[in-house]
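Participant: Each chain is listed here by its residues.
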Amino acid sequence: MTTRSLVTVSAGMSNPSSTRLLADRLTAATERALADRGEDVRTRTVELRDVAHDVMNAMTTAVPTGDLRGILDDLASADGVIAVTPVFNASYSGLFKSFFDVVDPEALDGKPVLVGATGGSPRHSLVLEHALRPLFSHTRSIVAPTGVYAASEDWGAGEAGGRELTERIERAAGQLAAFVAEHESRTRDPYDEPTPFADLMSGLGA
Amino acid sequence: MQFGIFSVSDVTTDPTTGRTPTEAERIKAMVTIALKAEEVGLDVFATGEHHNPPFVASSPTTMLGYVAARTTDLILSTSTTLITTNDPVKIAEDFAMLQHLADGRVDLMMGRGNTGPVYPWFGQDIRQGIPLALENYNLLHRLWREDVVDWEGRFRTPLQGFTSTPRPLDGVPPFVWHGSIRSPEIAEQAAYYGDGFFHNNIFWPATHTKKLISLYRRRFEHYGHGKGDQAIVGLGGQVFMRRNSQDAVKEFRPYFDNAPVYGGGPSLEEFTRETPLTVGSPQQVIDRTLGFRDSFGHYQRQLFLMDHAGLPLKTVLEQLDILGEEVVPVLRKEFAAGRPAHVPDAPTHSSLLAARGQGAEGTKELS
Numbered sequence: 009m010t011t012r013s014l015v016t017v018s019a020g021m022s023n024p025s026s027t028r029l030l031a032d033r034l035t036a037a038t039e040r041a042l043a044d045r046g047e048d049v050r051t052r053t054v055e056l057r058d059v060a061h062d063v064m065n066a067m068t069t070a071v072p073t074g075d076l077r078g079i080l081d082d083l084a085s086a087d088g089v090i091a092v093t094p095v096f097n098a099s100y101s102g103l104f105k106s107f108f109d110v111v112d113p114e115a116l117d118g119k120p121v122l123v124g125a126t127g128g129s130p131r132h133s134l135v136l137e138h139a140l141r142p143l144f145s146h147t148r149s150i151v152a153p154t155g156v157y158a159a160s161e162d163w164g165a166g167e168a169g170g171r172e173l174t175e176r177i178e179r180a181a182g183q184l185a186a187f188v189a190e191h192e193s194r195t196r197d198p199y200d201e202p203t204p205f206a207d208l209m210s211g212l213g214a
Numbered sequence: 003m004q005f006g007i008f009s010v011s012d013v014t015t016d017p018t019t020g021r022t023p024t025e026a027e028r029i030k031a032m033v034t035i036a037l038k039a040e041e042v043g044l045d046v047f048a049t050g051e052h053h054n055p056p057f058v059a060s061s062p063t064t065m066l067g068y069v070a071a072r073t074t075d076l077i078l079s080t081s082t083t084l085i086t087t088n089d090p091v092k093i094a095e096d097f098a099m100l101q102h103l104a105d106g107r108v109d110l111m112m113g114r115g116n117t118g119p120v121y122p123w124f125g126q127d128i129r130q131g132i133p134l135a136l137e138n139y140n141l142l143h144r145l146w147r148e149d150v151v152d153w154e155g156r157f158r159t160p161l162q163g164f165t166s167t168p169r170p171l172d173g174v175p176p177f178v179w180h181g182s183i184r185s186p187e188i189a190e191q192a193a194y195y196g197d198g199f200f201h202n203n204i205f206w207p208a209t210h211t212k213k214l215i216s217l218y219r220r221r222f223e224h225y226g227h228g229k230g231d232q233a234i235v236g237l238g239g240q241v242f243m244r245r246n247s248q249d250a251v252k253e254f255r256p257y258f259d260n261a262p263v264y265g266g267g268p269s270l271e272e273f274t275r276e277t278p279l280t281v282g283s284p285q286q287v288i289d290r291t292l293g294f295r296d297s298f299g300h301y302q303r304q305l306f307l308m309d310h311a312g313l314p315l316k317t318v319l320e321q322l323d324i325l326g327e328e329v330v331p332v333l334r335k336e337f338a339a340g341r342p343a344h345v346p347d348a349p350t351h352s353s354l355l356a357a358r359g360q361g362a363e364g365t366k367e368l369s
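Line order of the protein sequences matches chains A and B. Take the first sequence: its letters are residues 9 to 214, numbered as in this note's numbering. Take the second sequence: its letters are residues 3 to 369, numbered as in this note's numbering.
Hint data in this document are derived by calculation from the structure and do not stem from the laboratory. Think of the CB as a built atom: it goes at the ideal place given N, C-alpha and C, for glycine as much as any other residue. There could be a bad hint or two in this list.
Interface residues of chain B toward chain A, partial, derived using beta-carbon atoms under 7 Å [said to hold, decoys possible]:
| hint | residue |
| --- | --- |
| 1 | Gly43 |
| 2 | Glu154 |
| 3 | Phe177 |
| 4 | Gly196 |
| 5 | Phe205 |
| 6 | Lys213 |
| 7 | Leu217 |
Taking lysine to aspartate or glutamate pairs in the EDC-like style, the calculated list, with each CA pair at most 20 Å apart, reads [stated by the list, open to error]:
| hint | chain 1 | residue 1 | chain 2 | residue 2 |
| --- | --- | --- | --- | --- |
| 8 | B | Lys212 | B | Glu223 |
| 9 | B | Lys213 | A | Asp197 |
| 10 | B | Lys92 | B | Asp75 |
| 11 | B | Lys212 | B | Asp172 |
| 12 | B | Lys30 | B | Glu40 |
| 13 | B | Lys335 | B | Asp347 |
| 14 | B | Lys229 | A | Asp200 |
| 15 | A | Lys105 | A | Asp58 |
| 16 | B | Lys335 | B | Glu154 |
| 17 | B | Lys212 | B | Asp152 |
| 18 | B | Lys213 | A | Asp112 |
| 19 | B | Lys213 | A | Asp58 |
| 20 | B | Lys335 | B | Glu271 |
| 21 | B | Lys92 | B | Asp152 |
| 22 | B | Lys212 | A | Glu201 |
| 23 | B | Lys229 | A | Asp82 |
| 24 | B | Lys213 | A | Asp200 |
| 25 | B | Lys213 | A | Glu201 |
| 26 | B | Lys316 | B | Glu41 |
| 27 | B | Lys212 | A | Asp207 |
| 28 | B | Lys252 | B | Asp16 |
| 29 | B | Lys252 | B | Glu271 |
| 30 | B | Lys212 | A | Asp112 |
| 31 | B | Lys212 | A | Asp117 |
| 32 | B | Lys213 | A | Asp82 |
| 33 | B | Lys213 | A | Glu114 |
| 34 | A | Lys105 | A | Asp117 |
| 35 | B | Lys212 | A | Asp81 |
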């Protein structure tokens, strides 16, 4: 049984937040789906609010202070990422974007990502498609086909409301688990195995 | 072990007075600081190279040539010389000229530069930064070692039958350091040539810096220049000192809080905890600097950033007095203690000349 690592990033502002609620449900469902596949899993859930000042420090000086450095390291070595944001002004929150702006661009390359978002009304559900998915396409990540949006009404029984959300969570988690189980962590650390000088000079005048 | 200072040449408003020095004042202040470095017994003065305001150091060999004429022992260096956007032919010529004028008291540090528009201003593409650094330095290396060069590459017009003049003093090219804060390619390059490797050690924790330096040491040995612990390592650092550490913190805080590079970011306390910045007593600076050896192994050159963020000249000169009188003498003694005999000093013109006499690499004088 291999141990897979998941990092869940929640950009909820209040405590408790519906964003964290969704993040926790996506995490638990993914853990179950991985267990069904015979994979052991270790999860770290990050509340961005806790490192909001550190994110700004990294943004202004490139020095990731406090716990942020460890979070960035864990993210870089993770087999999968669950990224959940509240919808602010028709997009991801500024803190959510700022966090991913200080992540090393290489760190998410080829990494499975499950996107989630929460909002007060269902009218912003396409934020998953017009904001989150392009962000993680840019980082060359593998975004699970199903993203999960939860509006306030989804947390109640509503007209099949609760059940529908649960089904989407299960479907998305199953897709992420499949990618995570196949994920090959980066094999080459350029500091351990540098490109030899002769290869660096290939095609250059010498 | 060499000790010195490096300047980024910023013209910054003093936040405590609101006064901004003129370019003329800043340039002359840099010269005064360089002369002071020699007076207080430091070994090296290095200037940066920038091609945009608020920096004044666009023409390093002009400044270093002037400093050379007014000093006798100080080694003149750069931090860094832009190997990407300068023509390597002009670097070869300028620094060989400086080497003659300074009687060999010259080395230089290659860097890529991270100001995006400088590349297009000089007709280059920042995305080609690493290949530019590799190809241009390869040409520079040849120009100082081969009297007549035929060359063709990707980034510069070809050369046929070209001789870079003046030839290096005594046929010994200036020693070269390669500066990088995160690129394994540059550590590999420094190791391949057996050149020095410098990490500015300002914005990074020891764990990161150590990865690059370990890589450089390992590859230096791989390419047959000696054991890994004989590789030539330089480190930066930044300090602000007063006899009482509380006074240092109180005086430096407004400069830190308003500096273009830190302002609005981490607190002074966070930054000193997470990076090599030390604001405190001379003893704290001594302890922190000795810690670099524990992290990175015995090394050859320590440069401090002293004249930045709008600190007035008078304050910088006081800092240099403290550095020269109270810090460096202790560091020299402590670094010498326990330093294995096989760990070399940083190469100088005279040591390279002597080594050539013993059959090491050198070049023929132009006959």
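Participant: Against each hint, give a clear statement of whether it holds in the structure.
Facilitator: Against the structure, the hints:
no. : hint                  : result
1   : Gly43                 : violated (32 Å)
2   : Glu154                : holds (6 Å)
3   : Phe177                : violated (19 Å)
4   : Gly196                : violated (12 Å)
5   : Phe205                : holds (6 Å)
6   : Lys213                : holds (4 Å)
7   : Leu217                : holds (5 Å)
8   : Lys212/B <-> Glu223/B : holds (16 Å)
9   : Lys213/B <-> Asp197/A : holds (11 Å)
10  : Lys92/B <-> Asp75/B   : violated (26 Å)
11  : Lys212/B <-> Asp172/B : violated (36 Å)
12  : Lys30/B <-> Glu40/B   : holds (16 Å)
13  : Lys335/B <-> Asp347/B : holds (14 Å)
14  : Lys229/B <-> Asp200/A : holds (18 Å)
15  : Lys105/A <-> Asp58/A  : holds (15 Å)
16  : Lys335/B <-> Glu154/B : violated (49 Å)
17  : Lys212/B <-> Asp152/B : violated (39 Å)
18  : Lys213/B <-> Asp112/A : holds (17 Å)
19  : Lys213/B <-> Asp58/A  : violated (29 Å)
20  : Lys335/B <-> Glu271/B : violated (30 Å)
21  : Lys92/B <-> Asp152/B  : holds (16 Å)
22  : Lys212/B <-> Glu201/A : holds (15 Å)
23  : Lys229/B <-> Asp82/A  : violated (34 Å)
24  : Lys213/B <-> Asp200/A : holds (8 Å)
25  : Lys213/B <-> Glu201/A : holds (11 Å)
26  : Lys316/B <-> Glu41/B  : holds (15 Å)
27  : Lys212/B <-> Asp207/A : violated (24 Å)
28  : Lys252/B <-> Asp16/B  : holds (15 Å)
29  : Lys252/B <-> Glu271/B : holds (12 Å)
30  : Lys212/B <-> Asp112/A : holds (19 Å)
31  : Lys212/B <-> Asp117/A : violated (25 Å)
32  : Lys213/B <-> Asp82/A  : holds (18 Å)
33  : Lys213/B <-> Glu114/A : holds (17 Å)
34  : Lys105/A <-> Asp117/A : holds (17 Å)
35  : Lys212/B <-> Asp81/A  : holds (16 Å)
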